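Protein chains in written order, with this note's numbering: chain D, 15 to 536; chain F, 109 to 827.
Everything labelled a hint here was simulated from the structure, so no lab data went into it.
Computed from a prediction, not measured in an experiment: that's the story for all the values here.
Treat the hints loosely; a few may be bogus.
As the list claims (entries may be wrong) - Label-pair restraints from in silico Cβ distances:
| id | chain 1 | residue 1 | chain 2 | residue 2 | range |
| --- | --- | --- | --- | --- | --- |
| 1 | D | Lys168 | F | Glu506 | 17 to 23 angstroms |
| 2 | D | Glu358 | F | Gly175 | 40 to 46 angstroms |
| 3 | D | Pro88 | F | Gln439 | 38 to 44 angstroms |
| 4 | D | Leu359 | F | Leu800 | 19 to 25 angstroms |
| 5 | D | His61 | F | Gly124 | 23 to 29 angstroms |
| 6 | F | Arg814 | D | Glu358 | 20 to 26 angstroms |
C-beta: ideal position from N, C-alpha, C; glycine also.
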Amino acid sequence: MRDERVRLALPAAGDATERPISIAIVAMGGQGGGVLTDWIVQLAENHGWVAQSTSVPGVAQRTGATIYYIEAMPPLDGRKPILSLMPTPGDVDVVMAAEFMEAGRSILRGLVTPERTTLIASNHRSFAIGEKIVPGNGIADKGAVTGAIGVAAKTEIIFDLNALAIAHGSVISAAMFGALAGAGVLPFNRESYLDVIRAGGKGAKASIETFDAAFDRVKTGPADVAAPVEPRPASTKPAPAPLDPQLSGLVARLTREVPVPAQAMARAGLRKVVDFQDVAYGAEYLDILVALSTTDRNAGGAERDYAFTQAAAKHLANAMSYDDVIRVADLKTRAGRRARIESELELSQDQVLHTTEFMHPRMEEVMGLLPAGFGRWLGARPRLLGWLDRRVNKGRRVRTYSLPWFLVLYVVGGLRSIRRHSLRHAVETDHRDQWLRNATDAVGINYQLGVEILQCRRLVKGYSDTHSRGLSKFDRTLAAIKLVERREDAADWARRLREAALKDGPGKELDGVIRTIESFAS
Amino acid sequence: MAERSFAREVEDLRLGAGDTFRGEGILAITKALLQSGVAYVGGYQGSPISHLMDVLADAKDVLDDLGVVFQSSANEAAAAAMLSASVMYPLRGAVAWKSTVGTNVASDALANLASGGVTGGTMIVVGEDYGEGSSIMQERTHAFAMKSQMWLLDPRPDHECIVNLIEKGFELSEVSNTPVMLEVRVRACHMHGSFACKDNVRPAHTIKDALNNPKRDVNRIVLPPAAYEHEQEKIKTRMPAAIGFIRDNRLNEWMGPARGKVGIVMQGGMYNNVIRALQYLGLSDAYGNTQVPLYVMNVTYPVIEAEVAEFCLDKDAVLIVEEGQPEYLEQAINTVLRRKDIQARVHGKDVLPMGGDYTAQVLLGGIRDFLEKTEPRLLGNRPPAPDAVPVLGHPAVEKLKQVVPARPPGLCTGCPERPIFAAMKLVEEELGQHHVSADIGCHLFSILPPFNIGATTMGFGLGPASTSAFNVKADKRSIAVMGDGGFWHNGLTSGIGNAVFNKHDGVFVIVDNFYTSATGGQDILSSRAANKRRKTNNSIVQAVKGIGAQWVRQIDRTYDVGKMRDTLKEALTTADEGPKVIVASSECMLNKQRRVKPQMSKAIKDGVRTVKERFGVDEDVCTGDHACIRLSGCPSLSVKQLDDPLRDDPVAAIDNSCVGCGNCGEVAEAAVLCPSFYRADVIHNPSRWDKLKSKVAMSVIGWLQRRRDRRRVGLEALA
């Protein structure tokens, strides 16, 4: 078909592609996006431009994701430009994101395109509610945003604007204004940006310092930026000789008897277990671990990087250092704990710090402390137990650094000496042994299934009801694994069960997977 | 007292001839009302018109100087009824609210007003909360204008145009004895722009004059036979008068070339985005110099038949750009053209989407399709249009879709409503799920994660009424939640009164945070702050008892989660008959912080002993289960990854935005969660006694700590 379209000259319209500079600010409510918007509008107006901004306050401003949009252009022969009220995908000059996932969202909205857009984004994270409520790890993958920025942005200016602002005693809007000036996309000089801030008056000094720091950071590149904290793989370098002779014996044994790929994790595990109880307990840890590694070797672990021993080194340490009253009291009374709080609060010499703990002990916790035999005797007497529980089971506000309360916690923290005779220890040990038996039974037949069973330990966490719920999820998961253990894809199912159990609090997802398994396995 | 001060904006209201106003659209509207000589203004707050109410509430001096009466109305119906002052007297009046929700509430009064007609100019400013960022159902105010016959102004999003139209709108109202609605969309309300000011005008006739010289005319009252007469007046007198005025004053605008084979008819509010779309197609420059004839309807009701006919007469086709559904304008224009037998084809919702925002991108597609069908030659030299599709299709961006988490709005840090829902969650765990009717307000966020509480919401203050069907004996009782805003808006009668009268056994929770917080923290009857211009401190509990409720519990500190939980449990299980009303009161934290923060900073600076509270989490005690977050959702309670290879899951962490409300500790205690939370009290400017006590305690504690540390095995080497 012949193209009959005629190329019209548009003399009256002038340069039809000439459009205003457009800036979208994507933020969360309460991040000061409105202030930044006003600054940019003022900046443009100070240069005789026509500037228009729009935003959508209302509910989005209650911590939800929101967007501010600015267009600016000089007037022509006294005529004002007609400015749009919403950003058009593919037609945005600058996108400023006050949080990293919001930068991702702006890309998904099509606001960031390679022909046009300078993306200024802070790479700090403020987690969304959906990321926080997951019982496991629900944190979104930052790498995906970095990857998308790489293909979507024409120019990218990415650093932790939030940290920079805090370091200079201001808020992120000032840092973003500085980054915008540094990016040089607007035809205004640095001084005119500063004029806008100065005119604001209140808080101008901190804002200007932050502005300058961000401006310089954009111009000169990273210097003061700390790498974001990601979980660090266990250190693999050999440790210097420990001071305690008994402990050094254990470390020597670890180096000798634990397969090399699992040694780093085993060292971390050993440290945790000794810190929890004592060196003898560390020896017990090592005994079990070495036995497990023998099973691992016999099951062909050498070809699998000793995954079974690696998993055991981690989860056995966690299982052995269960969260009992003694541990909590010990941690709360340590000197390092107070030092950490003081530094977090930036406490100065002339301030006084108190802390209040919110404890709610139940009779179960008290029983856990008792010698195993006595505890079981008591457990068999529900009426007596109920009577005692009514006296014990209530919320207690503990003033940590008042002498009487500190002494109580200190004494409880010192009960390590009797811990290994306690009912809680007996229960934990039984549970641990059963779990390890399950795993060693499995690993000989289906190596990966053995590893998965070890990893199920991750489901047991929390205190009181949360702990019971975790245990129940753990038990249900292992029971469901039993149903499929003969299948070739048993390890896949085990992994699926564990992941489901970590998805939500009550375990609805887990129940779903279990029902699926029951539908074909029974 | 609103969430923020409007002192600076009040100054803008004083501007006069020769000054330039620069600021938000809704404030330009406020200024325009004063320039039009209004005698009274009322309304009910709500996005996007809250700032109109806020700035007037702070502008006592300006209003007093002009002799203008301002009222914060009890609800939109009250505001609309206020306009009756213009029925008999030549008083100009204006009211404002969020639409369509507010217009729904106001309809009864509006219909009566529009039937009898007005003497003084009346204007209803409706914030059209439609499209992205809206918090309500997606409907159009247009229908209300048509059904009651009120003129509907829909100005171009330009301060100059809006202000001008408001001034003209009052004249239109007076000429045609008909109330006028001014429709402004969310973004136009919050749009920064400028206009050349005029002096404010004192009302020629004041409210006082009217009170002192009362008038009545039974023919203005809606009662047969007058009501039949009103209908005839509407058709025979008022409509023609309005059409004449709109034409004579050229309230609608013609843009672009006088002739053309095709043209575009649009609501005024669509103009800016239409121009942008035309620009993308190479048919306009950035200054609105368009190659396509445009008919911009700044008045969308009534449709001026003669103007439409004139615009369409020489054209092959026209495109109607009309946001939202149904397509009232398109239908009206089709009728006009058929009646006059004008052959221009009418396009509209066939090339444009039926619902949703008409963004420049959407219009670009629609106008392009329209031109492809009708006059493709015009697309001849279109420059490449912006297009994000290629980048959106890239695998790296595709992958992002699965990653970026939803970020719904939620309760603020320290919100006093959070512990109420935490308590409801705890009760749910014990007594099972109940039917919960939610209401409008911040507390509606309970329907979202982490609480997931609330089955329906039927309108402001109607949470309790929406449980009224569940009035039978059953194993469980219904629960209704309502805010103090909704309570005074209508919930006292429609909810509590209704439940008392019908002997409803359900549970009614009234969330009292001392303001209408969701709309920006305006004062209401039960606000606790002293307000010189209003009578506050009227007790909700007394009101509820006064209307006949017997089982009433007041909780004065919502953060007491244990008490909240026990009270709810009692309400759900007690044998007492009739409604169980729980009034849960604590101040909105946003407002409280605005009040308290400067006081505290000042006290610290002045050397006064001050205790600052903040919460924290012991990261080595926290097991990373996040059960606490599932009962909270506080923005300051987050998670962090530890630098520990043994820990797979992040632990809870509290950032420095914490205001120390106490919810974390209360929930941990009431829910028997875990001992990780602690409250840190930092005493600024401690007394000598504070210092001495702490010094003694810490020296003993330090000795004990050193003693135990000596017995610990050194683990540094294992790090």
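Assuming the hint says 20 to 26 angstroms, is it satisfied by the Cβ distance from arginine 814 (chain F) to glutamate 358 (chain D) or not? Holds, at about 23 angstroms.
Taking the Cβ atom of histidine 61 (chain D) and the Cβ atom of glycine 124 (chain F), is their distance within the range 23 to 29 angstroms? Between histidine 61 (chain D) and glycine 124 (chain F), where Cβ atoms are some 27 angstroms apart, the hint holds.
Quick check on a hinted range of 19 to 25 angstroms for leucine 359 (chain D) and leucine 800 (chain F), using CB atoms only. Holds: the Cβ-Cβ distance is about 21 angstroms, inside 19 to 25 angstroms.
Mind checking the hinted window 38 to 44 angstroms against the Cβ distance between proline 88 (chain D) and glutamine 439 (chain F)? holds, 42 angstroms
With 17 to 23 angstroms as the target window, see if lysine 168 (chain D) and glutamate 506 (chain F) comply at their CB atoms. Between lysine 168 (chain D) and glutamate 506 (chain F), where Cβ atoms are some 20 angstroms apart, the hint holds.
Okay, glutamate 358 (chain D) versus glycine 175 (chain F) on CB: inside 40 to 46 angstroms? Hint violated: Cβ distance 57 angstroms, outside 40 to 46 angstroms.
Violated hints amount to a single one, hint 2; each of the other numbered hints is respected by the structure.
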